[in-house]
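Colleague: My request is simple: use the sequences and hints to build the entire structure.
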Amino acid sequence: MVEIKRKDSGSSSRAGTIASLSVGEVAERAGVAVSALHFYEREGLIRSWRSAGNQRRYPRGVLRRVALIKTAQRLGLPLARIAEALAELPADRPPTAADWRRLSASWRDDLNARIATMEALRDQLDTCIGCGCLSLDACPLRNPDDELRNSGAGAHLLP
Numbered sequence: 015m016v017e018i019k020r021k022d023s024g025s026s027s028r029a030g031t032i033a034s035l036s037v038g039e040v041a042e043r044a045g046v047a048v049s050a051l052h053f054y055e056r057e058g059l060i061r062s063w064r065s066a067g068n069q070r071r072y073p074r075g076v077l078r079r080v081a082l083i084k085t086a087q088r089l090g091l092p093l094a095r096i097a098e099a100l101a102e103l104p105a106d107r108p109p110t111a112a113d114w115r116r117l118s119a120s121w122r123d124d125l126n127a128r129i130a131t132m133e134a135l136r137d138q139l140d141t142c143i144g145c146g147c148l149s150l151d152a153c154p155l156r157n158p159d160d161e162l163r164n165s166g167a168g169a170h171l172l173p
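Our numbering puts the sequence shown at residues 15 to 173.
Worth flagging that the hints you see were computed from the coordinates, not collected in a lab. These numbers were taken from a predicted model, which means no experiment stands behind them. There could be a bad hint or two in this list.
Quick list of simulated restraints, FRET-style, between CB atoms [as the list claims (entries may be wrong)]:
| # | residue 1 | residue 2 | range |
| --- | --- | --- | --- |
| 1 | 111 | 65 | 27 to 33 Å |
| 2 | 111 | 67 | 33 to 39 Å |
| 3 | 48 | 115 | 26 to 32 Å |
| 4 | 90 | 66 | 38 to 44 Å |
| 5 | 119 | 78 | 16 to 22 Å |
| 6 | 127 | 85 | 15 to 21 Å |
Ideal Cβ placement from N, Cα and C applies to all residues, glycine included.
Modeller: Shown next as structure tokens:
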């Protein structure tokens, strides 16, 4: 870990010390690839600055932000949704437990809907095993309730 000195705002001459981490240190501690950190930064999910030696430096709080990103990804949230959520948080501090409660509450309905859809698909899956075609008029996976019958010939997919 490297310590950098920054001047405090205002006319005070006293210098504050802010701990920072290299990209390699963040990657190792967060359990992600360096390329993932670069990607998150390009997408505006995390921020860094350059040292006097032109090395990328991160505040220690970025570890909590990366943990939040990885957890949201494990929930299956699209990166755009994660970016929207992170944009609501102050960039100058790591996410707090209260931030997490607020964000996770906003994702709960979406997650519950996706769980319900997956459970329905799981429960219908065994009716198609062995068929091999998935193009039956009444296939419960690709054409539930034969909703495509009025769409005409050709390939039509439901969301």
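Colleague: It remains to establish, for every hint, whether it holds in the given structure.
Modeller: Status of the hints after comparison with the structure:
At roughly 31 Å, the beta-carbon separation of residue 111 and residue 65 lies within the given 27 to 33 Å, and the hint holds. Range check, residue 111 to residue 67: about 36 Å between beta-carbon atoms, so the 33 to 39 Å window is met. At about 31 Å, the CB distance of residue 48 to residue 115 agrees with the hint of 26 to 32 Å. Against the hinted window of 38 to 44 Å, the Cβ-Cβ separation of residue 90 and residue 66 comes to about 41 Å, which satisfies the hint.
With their beta carbons about 18 Å apart, residue 119 and residue 78 fall inside the hinted range of 16 to 22 Å. Our hint of 15 to 21 Å for residue 127 and residue 85 holds, since their Cβ atoms are close to 19 Å apart.
Of the hints listed earlier, there is not a single one the structure fails to meet.
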